[in-house]
Amino acid sequence: MKIPLVLQKVSAGFPSPATDYVQDEIDLNSELIKNAPATFVIRVQGNSMNDHKISNGDLLVVDRSLHLSKNCIAIINFNNELVVKHIIKQQQHFYINHTTGKILIDEHSDINVWGVVTYIIHATYK
Amino acid sequence: MQPTNNIIALVDCNSFYVSCERLFRPDLKRKPVVVLSNNDGCIISRSNEAKQIGIKMGEPLFKAKPLIDKYKVSVFSSNYELYGDLSRRVMKILQQFASNIEFYSIDEAFLDLSNMNMSSVHEYIAHIRKIILQWTGIPVSIGAATTKTLAKVANHIAKKNNIGVEEFISKDQEYIDQALQTFPVEEVWGIGRQLSKFFRNGNIMNAYQLKHVDNYWIRKNRTVMVAKTVHELNGISCFPLNVIPTLRKNCCVSRSFGKTITNLPDLMEAVVNHCITAAERIRSEGLIAKSLYVFIKTSRFKSNYISRVQQVDLPIATNNTMELVHAASRALESIYVAGYNYSKAGILLSNLKPKDEYADNLFSHIRKPLDTVMNVMDEANNRFGKGAITLAAARGKHHYRIRRGHSSRIDTSYIAMAPTVRAF
Numbered sequence: 001m002k003i004p005l006v007l008q009k010v011s012a013g014f015p016s017p018a019t020d021y022v023q024d025e026i027d028l029n030s031e032l033i034k035n036a037p038a039t040f041v042i043r044v045q046g047n048s049m050n051d052h053k054i055s056n057g058d059l060l061v062v063d064r065s066l067h068l069s070k071n072c073i074a075i076i077n078f079n080n081e082l083v084v085k086h087i088i089k090q091q092q093h094f095y096i097n098h099t100t101g102k103i104l105i106d107e108h109s110d111i112n113v114w115g116v117v118t119y120i121i122h123a124t125y126k
Numbered sequence: 127m128q129p130t131n132n133i134i135a136l137v138d139c140n141s142f143y144v145s146c147e148r149l150f151r152p153d154l155k156r157k158p159v160v161v162l163s164n165n166d167g168c169i170i171s172r173s174n175e176a177k178q179i180g181i182k183m184g185e186p187l188f189k190a191k192p193l194i195d196k197y198k199v200s201v202f203s204s205n206y207e208l209y210g211d212l213s214r215r216v217m218k219i220l221q222q223f224a225s226n227i228e229f230y231s232i233d234e235a236f237l238d239l240s241n242m243n244m245s246s247v248h249e250y251i252a253h254i255r256k257i258i259l260q261w262t263g264i265p266v267s268i269g270a271a272t273t274k275t276l277a278k279v280a281n282h283i284a285k286k287n288n289i290g291v292e293e294f295i296s297k298d299q300e301y302i303d304q305a306l307q308t309f310p311v312e313e314v315w316g317i318g319r320q321l322s323k324f325f326r327n328g329n330i331m332n333a334y335q336l337k338h339v340d341n342y343w344i345r346k347n348r349t350v351m352v353a354k355t356v357h358e359l360n361g362i363s364c365f366p367l368n369v370i371p372t373l374r375k376n377c378c379v380s381r382s383f384g385k386t387i388t389n390l391p392d393l394m395e396a397v398v399n400h401c402i403t404a405a406e407r408i409r410s411e412g413l414i415a416k417s418l419y420v421f422i423k424t425s426r427f428k429s430n431y432i433s434r435v436q437q438v439d440l441p442i443a444t445n446n447t448m449e450l451v452h453a454a455s456r457a458l459e460s461i462y463v464a465g466y467n468y469s470k471a472g473i474l475l476s477n478l479k480p481k482d483e484y485a486d487n488l489f490s491h492i493r494k495p496l497d498t499v500m501n502v503m504d505e506a507n508n509r510f511g512k513g514a515i516t517l518a519a520a521r522g523k524h525h526y527r528i529r530r531g532h533s534s535r536i537d538t539s540y541i542a543m544a545p546t547v548r549a550f
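Chains A and B are the protein sequences, given in the same order.
First residue of the first sequence? That's 1 in this note's numbering, and the numbers climb one at a time after it.
First residue of the second sequence? That's 127 in this note's numbering, and the numbers climb one at a time after it.
Keep in mind the hints are simulated off the structure, nothing from the lab.
Note that the structure is predicted; figures quoted are calculated from it, not measured.
For every residue, glycine included, the Cβ atom is placed at its ideal position computed from N, Cα and C.
Please note that the accuracy of each hint is not assured.
[To be verified] Subject to a maximum C-alpha distance of 20 Å in a straight line, what follows is the list of computed SDA-like cross-link-like pairs (lysine to any residue):
| no. | chain 1 | residue 1 | chain 2 | residue 2 |
| --- | --- | --- | --- | --- |
| 1 | B | K218 | A | N35 |
| 2 | B | K256 | A | D106 |
| 3 | B | K256 | A | K126 |
| 4 | B | K191 | B | Q178 |
| 5 | B | K157 | A | N80 |
| 6 | A | K102 | A | I121 |
| 7 | B | K218 | A | I33 |
| 8 | B | K256 | A | H67 |
| 9 | B | K157 | B | Y197 |
| 10 | B | K297 | B | S246 |
| 11 | B | K285 | B | E313 |
| 12 | B | K218 | A | L66 |
| 13 | A | K126 | B | A542 |
| 14 | A | K34 | A | S65 |
| 15 | A | K34 | B | K218 |
| 16 | A | K34 | B | A544 |
| 17 | A | K34 | B | F223 |
| 18 | A | K34 | B | Q221 |
| 19 | B | K354 | B | I330 |
| 20 | A | K34 | B | N501 |
| 21 | B | K157 | A | D110 |
| 22 | A | K102 | B | F550 |
| 23 | B | K218 | A | I88 |
[What the hints assert, rightly or not] Chain B regions said to be covered by chain A (calculated; three or more residues, Cβ under 8 Å):
| no. | segment |
| --- | --- |
| 24 | 212-219 |
| 25 | 326-333 |
| 26 | 542-548 |
[To be verified] Pair by pair, the computed Cβ-Cβ distance ranges are:
| no. | chain 1 | residue 1 | chain 2 | residue 2 | range |
| --- | --- | --- | --- | --- | --- |
| 27 | A | K102 | B | A506 | 16 to 26 Å |
| 28 | B | M242 | A | N71 | 22 to 32 Å |
| 29 | A | H67 | B | M543 | 25 to 35 Å |
| 30 | B | D482 | A | D51 | 57 to 67 Å |
Start from the sequences, fold in the hints, and give me the full structure.
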């Protein structure tokens with residue numbers, strides 16, 4: 001998607017001087033996607049992540065080339081289902097909060113990382 | 127001829143279509159999975175688990191049905207939007223690791239690594255493998271050697287060992303020869319079924335024996351291509367990387383119908399849609415067509431088999447959808463015979479040439495606006511999805527649509543078809 005970026009406000013009534021100031025276009029792809037071949041756009045189902053500003057129907061920009069960091073949001077393979085989760089870090093280990101308490105994320109277990117969420121795209125006008 | 131110092135790596139995606147379907151379905155890991163051809167006809171991709179229970183490559187679905195039911199095999203219709211996007215991602219990553227690449231097929235590429243230090247090849251290809259797996263989720267096997275044919279052998283070994291890579295670069299000749307001895311002659315690149323029969327009759331059973339066949343004798347009895355294959359097994363490169371894709375001469379779009387079609391309007395809708403797809407394809411490659419063929423046929427397996435084809439030579443070579451559709455419609459009308467159950471229709475654009483090869487002519491001023499319309503159409507369809515703008519003749523009841531009963535319906539290049547995850 002490309003949107004022209006205009007540097008001056010346009011006043012009505014006379015030929016727009018702004019046309020001379022069209023500098024470039026805003027390129028949301030390059031802004032939101034840092035590593036294209038590793039980035040996927042994924043839609044959210046359900047409202048369980050509302051506390052973390054993620055709602056049903058939102059689009060997530062997910063980068064598989066990134067590593068987990070403190071307080072990040074990630075797509076987790078949770079017992080063979082892909083879910084979106086908030087990640088907590090304690091003593092060099094990463095965990096997810098679950099009803100049964102916190103669960104360790106481990107590459108070699110059934111709870112591992114699929115990708116790291118870098119942006120949430122939420123529509124405010126429908 | 128001296129052995130060359132080339133380093134060629136073959137990157138091959140493992141059970142590619144199955145791996146694509148597994149990307150958003152972790153539950154399918156270590157389970158038997160198959161992907162079907164267009165119209166859900168035959169099995170064209172199998173997971174290792176599906177291979178192990180005895181499902182054969184190319185087998186019709188109905189034949190594999192007992193095994194599929196018994197072992198609860200997951201079955202998918204082919205989803206080329208998804209596979210195409212993941213293939214593009216893999217190829218894009220490869221471009222970061224080598225500047226000379228031959229994109230050999232949707233799931234294979236040859237890399238030129240000739241400038242590398244021989245001792246670091248193993249580490250390098252292992253790193254490429256790791257990055258592709260992490261970034262795209264697609265497992266690949268990589269084999270490196272001094273020729274394409276040997277790289278293919280190394281790749282076969284990489285597929286079976288547990289690290290996914292193999293190289294014949296830092297290894298001595300004895301090691302390579304041992305690998306060739308266990309490599310059946312019919313698996314050698316370029317040796318098909320007929321040739322392997324010929325060699326097996328001559329007691330040449332493996333790649334090592336083939337490597338030592340007298341080259342003069344081969345040339346006398348077989349083709350130069352086979353002689354080149356033998357050279358390549360000896361480490362003498364005869365098949366260089368095709369870095370520049372060769373411009374194609376033809377573009378064919380044809381499909382079998384989900385169910386048979388008898389009337390002309392439904393047939394027309396199918397031909398028009400195929401024509402639009404073909405025109406889009408040659409435009410994206412900067413080509414124009416001088417002639418086209420339209421063909422329709424009934425099932426070969428039923429009585430009353432007919433197959434009809436009409437060629438049209440276009441007055442001026444073009445890639446304009448409207449002009450091509452017009453010509454294709456007239457061609458279809460001329461070959462259509464009522465009273466048959468047609469099972470397949472298609473279009474072939476041929477005598478393709480790069481667009482700028484044709485100089486302006488008397489009608490150029492009429493064509494310019496038509497080309498502008500095409501640009502707008504392509505732009506809009508890119509932005510809003512395939513078929514956003516099309517011709518009225520292409521909009522119908524879609525009786526011709528192919529069967530895709532088991533599609534995952536995910537397209538990672540199109541937001542409306544984005545994969546989903548559960549908030550949890």
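Check your understanding: Between K354(B) and I330(B), is the straight-line Cα distance small enough, at 20 Å or below?
Key -> holds (17 Å)
Check your understanding: Is the hinted pair K34(A) and N501(B) satisfied, with a Cα-Cα distance of at most 20 Å?
Key -> violated (29 Å)
Check your understanding: Do the alpha carbons of K102(A) and I121(A) lie within 20 Å of each other, as the hint requires?
Key -> Answer violated: K102(A) to I121(A) is near 27 Å, above 20 Å.
Practice item. Measure nothing beyond the straight line between the CA atoms of K34(A) and A544(B); if it is 20 Å or shorter, mark the hint as holding. Key: holds (19 Å)
Point to revise | Restraint check for K157(B) with D110(A), where alpha carbons must lie at most 20 Å apart | key: Given that 20 Å is the threshold and the Cα spacing comes to 15 Å, the pair holds.
Exercise for review: Go check the segment 326-333 of chain B versus chain A for me, would you? Three or more residues, Cβ under 8 Å, otherwise it fails.
Suggested key: Our answer is that it is violated, as 0 residues pass the Cβ test (under 8 Å) against chain A, missing three.
**Study point:** Pair hint outcome, K285(B) versus E313(B) [Cα-Cα no greater than 20 Å]
**Key:** The hint holds at about 13 Å.
Exercise for review: Take a quick look at whether K34(A) and S65(A) sit within 20 Å of each other, Cα to Cα.
Suggested key: holds (10 Å)
Review point. Are 3 or more residues of the segment 542-548 of chain B near chain A, judged by a Cβ distance of less than 8 Å?
Key: That given contact holds, which follows from 5 residues of the segment 542-548 of chain B lying within Cβ reach (below 8 Å) of chain A.
Practice item. Compare the distance between the alpha carbons of K256(B) and K126(A) with 20 Å, and conclude whether the hinted pair is satisfied. Key: Violated - the C-alpha atoms of K126(A) and K256(B) are around 42 Å apart, more than 20 Å.
**Study point:** Proximity test - 8 Å, beta-carbon atoms, the segment 212-219 of chain B to chain A, at least three hits
**Key:** The restraint on the segment 212-219 of chain B holds, since 5 of its residues have a Cβ under 8 Å from chain A and three suffice.
Practice item. Assess, step by step, whether the Cα of K157(B) is no farther than 20 Å from the Cα of Y197(B), and give holds or violated. Key: holds (9 Å)
The structure shown violates the earlier hints numbered 3, 6, 20, 23, 25, 27, 28.
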